Amino acid sequence: MNAKQKIQNIIESNDVVLFMKGTPDMPQCGFSMAVANVLKMLNIKFNGVNVLEDEEIRNEIKVFSDWPTIPQVYIKGEFIGGCDIVKEMFEKKELQSLLDEKKISYKK
Amino acid sequence: MAIKQVEIEILLKEGFPDADIYVQDLAGDDNHFSAKIKSAQFKGKSRVQQHQMVYNALKGKMGNELHALALTTEEK
Numbered sequence: 145m146n147a148k149q150k151i152q153n154i155i156e157s158n159d160v161v162l163f164m165k166g167t168p169d170m171p172q173c174g175f176s177m178a179v180a181n182v183l184k185m186l187n188i189k190f191n192g193v194n195v196l197e198d199e200e201i202r203n204e205i206k207v208f209s210d211w212p213t214i215p216q217v218y219i220k221g222e223f224i225g226g227c228d229i230v231k232e233m234f235e236k237k238e239l240q241s242l243l244d245e246k247k248i249s250y251k252k
Numbered sequence: 020m021a022i023k024q025v026e027i028e029i030l031l032k033e034g035f036p037d038a039d040i041y042v043q044d045l046a047g048d049d050n051h052f053s054a055k056i057k058s059a060q061f062k063g064k065s066r067v068q069q070h071q072m073v074y075n076a077l078k079g080k081m082g083n084e085l086h087a088l089a090l091t092t093e094e095k
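Respectively, the protein sequence lines represent chains A and B.
All residue numbers for the first sequence refer to our numbering, where the first residue is 145 and numbers rise by one.
All residue numbers for the second sequence refer to our numbering, where the first residue is 20 and numbers rise by one.
What the hints contain is simulated information worked out from the structure, not anything from laboratory work.
Quick caveat: nothing in here was measured; it's all calculated off a predicted structure.
Treat each hint with caution, since some may be false.
Pairwise CB distance ranges, derived in the manner of DEER restraints [stated by the list, open to error]:
1) B/A59 x A/E222: 35 to 43 Å
2) B/Q24 x A/K251: 22 to 30 Å
3) A/Q172 x B/S65: 27 to 35 Å
4) B/E94 x A/M145: 22 to 30 Å
5) B/N75 x A/E232: 31 to 39 Å
6) B/H51 x A/E222: 45 to 53 Å
7) B/A21 x A/I248: 19 to 27 Å
8) B/Q68 x A/M170: 30 to 38 Å
9) B/E84 x A/K252: 39 to 47 Å
10) B/V25 x A/S157: 39 to 47 Å
Cβ atoms here follow ideal geometry from the backbone N, Cα and C, with glycine treated the same way.
I would like the entire structure built from these sequences, with the hints used as guidance.
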């Protein structure tokens, strides 16, 4: 399986995926931590993919999403954005509406 | 790797000639910036598309010379 297929596979088999530096419990970058914290605050079940452990995924995800930085969030296979967008959506309650729309449970 | 604030401003002004652009060097280290861009070009685009347009204007510097850019985009 090449990196692109691996990414495809991950985002298809998990409702919410966070491509990040480090793990949800031990983020290695402030931006990854900020997004992980938003998802945790909402009690969302998500799959954290540590790109520092897989150089191929780290490089390919930027091409795959046409997005130059990490973290990146996918919900039901759809690219949602990076740290700025996820935080802004959370603050404006747009993230919560999206979760409702996609039928993903979270703490209200 | 680092980049000067003025370089970012020049690239953004080239990409968005109509825009109100406000760039700030957050830590004074040529590495962590914020940018607010208000342009008519963002009309009808999703937030992801708007940010992608900004990254395109930065010509591959984002994620390389430019480590961190907190981005806010708005329609004019």
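Original post:
Honestly, which of those hints from before does the structure not fit?
Top reply: 1, 2, 4, 5, 6 and 7
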